[in-house]
Amino acid sequence: MKKYAEVFRVSFKMQIVWRFDVVMTMAAAAARAIAGWIVWRVIFLGKESVGGFTQDAMLTYYLISSILRSIDFSHHISGEVSYLIRSGRFSGHMVTPVNPLGFFSFMSAGMSAFHLLFSVTAAALCAFAMGINLSFTRDIARILPAAVMIPLGLTFTASFQYLIGVATFKFLEIGFFMYVQWSIIAFVTGSMVPLSLLPSAVLAVLRFIPFTHVIYTPAMLLTGQASAREGLFGLAVLAAWTLMMMPAAHYTYNRLRKKYDGVGI
Amino acid sequence: MSLIKTRNLTKTFRRFEKAPGLAGSVKSLFKRVYTEKTAVDGFDLTAEEGEFIGLIGPNGAGKTTLIKMLTGIIAPTSGEVNVLGYYPNKLENAFKKQYAVVMGQKSQLIFDLTCADTFLLYKEMYEIPNDVYKRNLELFVDLFDARGYLNTQARTLSLGERMKMELVTALLHNPRVLFLDEPTIGLDAPAQRHIRAFLKEMNLRHGTTILLTSHNMEDVRSLCPRSVLVGSGKKVYDGPTDKLFDAYQTSKKVTAQFEDATDFRLPENCPVLEQNAHKTVFTVPKALCGAVLHQIMRDYPQCDLFVEEEDIGVIVERIYAGREANP
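Top line first, the protein sequences correspond to chains A and B. First residue of the first sequence: 1, per this note's numbering; consecutive thereafter. First residue of the second sequence: 1001, per this note's numbering; consecutive thereafter.
A portion of the hints provided could be inaccurate.
Stated by the list, open to error - Derived Cβ-Cβ restraints for the label pairs, each shown as a range:
1) B/Ala1247 - A/Gly175: 49 to 57 Å
2) A/Pro151 - B/Ala1023: 47 to 55 Å
3) A/Phe208 - B/Gly1186: 54 to 62 Å
4) B/Phe1306 - A/Ala31: 53 to 61 Å
If you're looking for bench data, these hints aren't it; they were derived computationally from the structure. Glycine included, C-beta positions come from ideal geometry on N, C-alpha and C.
Model the full structure from these sequences, guided by the hints.
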């Protein structure tokens, strides 16, 4: 485990090397919070609630979901793995005694930790400056499943994106596929709009999809909009998918790498 | 027991081909045409503990493919391969902890961080005990006189400094086998000498078995008592390096350069490779080299002379020609 802790530390150190980038990360986190505040203020003009949310509940949901979205760097994994395979540089990960899935997951976690620091700070400052009355739940039965679902969700998405990335061993070019799946995932995670605004038939299907429980369910739990029972159901679905995805990603890597020629690189 | 053993090792690649132009591209969308290339063909190789072997051959001969199979990066199409008692392509951690690979054009350093940060990462990845890590780092830093840039961001290092740090990274965990692919490519003469001295030290002092791939004949001649020559995926020669060069290197390549335009007359029996008013490149039979150089320095005192080993491709062709003449 120490080796993965060092990978995490390396990733975190890489985030704070470039000062301009650090400043821009802080600015982007603040800009996201301000943009959300403006958009939802306009939508709520003359209305008491939208889709069962009050304005404060919606803004709290938006801030939590945007924080969760900003710390999910799993989409970098598929892009990075794909690039490394195509350029022949993935071999560096094959000859070192570290599981590549673990390596990329902890690199991603290091980035998440850095962005979490700034996103939470920026969101808190913006909420204070704009007088948003954040409405968090105090119900421990909702907070606990949410607290487990957040790292579990990041683990799931890391494994899923790694699996997509290693498909490059077989297909060599997966750029368009990556773009399409990122767009679909951005929607079904609920980071664009709360999924409760969708028709109930769609929601019933989405409950069994893991991506729904990566951002949407934890955000709904923390804002008190989802029940503890829904939280436990989401946790079970996410855990089941994660338990399947990790070995699937590992198996796919081991299977496809053996067929890879690496000709000319 | 041999550390490396291959028998009839073969790797065949499938390569996509298409006709030129837009029509060719559209056609290839519907009908794919593949050709097969045998990069390594029935290769037998053994290496004993502590050997320093030069793996030489022209571009596309199959050297890098062979290294990739020995390190497990790619799987062989057929044949047997055993490195340190393992089948490399299983990529077991216990196997990976016993060797290291340095490819001159692929860096292991984390460019945004310092070399010391990369070393710390490798310490944990290879689970190197603290005392071994400290001892090795001290030793390598002293050998390379590299203390000054240990805490420097890797991206700001010169090519020579970077290669030294690549070697330190690779050797921190005391690998039993070191695979080197073009470690001196692009380096100036002093950096090349420094790296050669380091590798010699590692081989002699630590008994590290080293398999060196290089186009730089000086690397091979000065470091490797044994050479394996590869041509078109096949083993062309396996034996003492001195014998290889004595038997098949019949000429030297000489470059004569002039600052002012000069009407340079070629010495007799020296075929020209390239000539213009400022530069002439020609080959000189090895036996005549001293006399020819002496004559040029006497006749053209303002001339700059460079003497190089013959291109390895020429030696391969000569060995093939010799076999055809005396099968």
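- Whether the CB-CB distance between A/Pro151 and B/Ala1023 falls inside 47 to 55 Å: 53 Å Cβ-Cβ, so the 47 to 55 Å window holds.
- Hint check for A/Ala31 and B/Phe1306 - Cβ pair distance inside 53 to 61 Å: Once the Cβ atoms are compared, 60 Å apart, the range 53 to 61 Å for A/Ala31 and B/Phe1306 holds.
- Message: Range first: 49 to 57 Å. Now tell me if the beta carbons of B/Ala1247 and A/Gly175 are that far apart.
- Response: holds (52 Å)
- Task: Could you check the hint for me, namely that A/Phe208 and B/Gly1186 are 54 to 62 Å apart, CB to CB?
- Result: holds (56 Å)
In terms of the numbered hints stated before, the structure departs from none.
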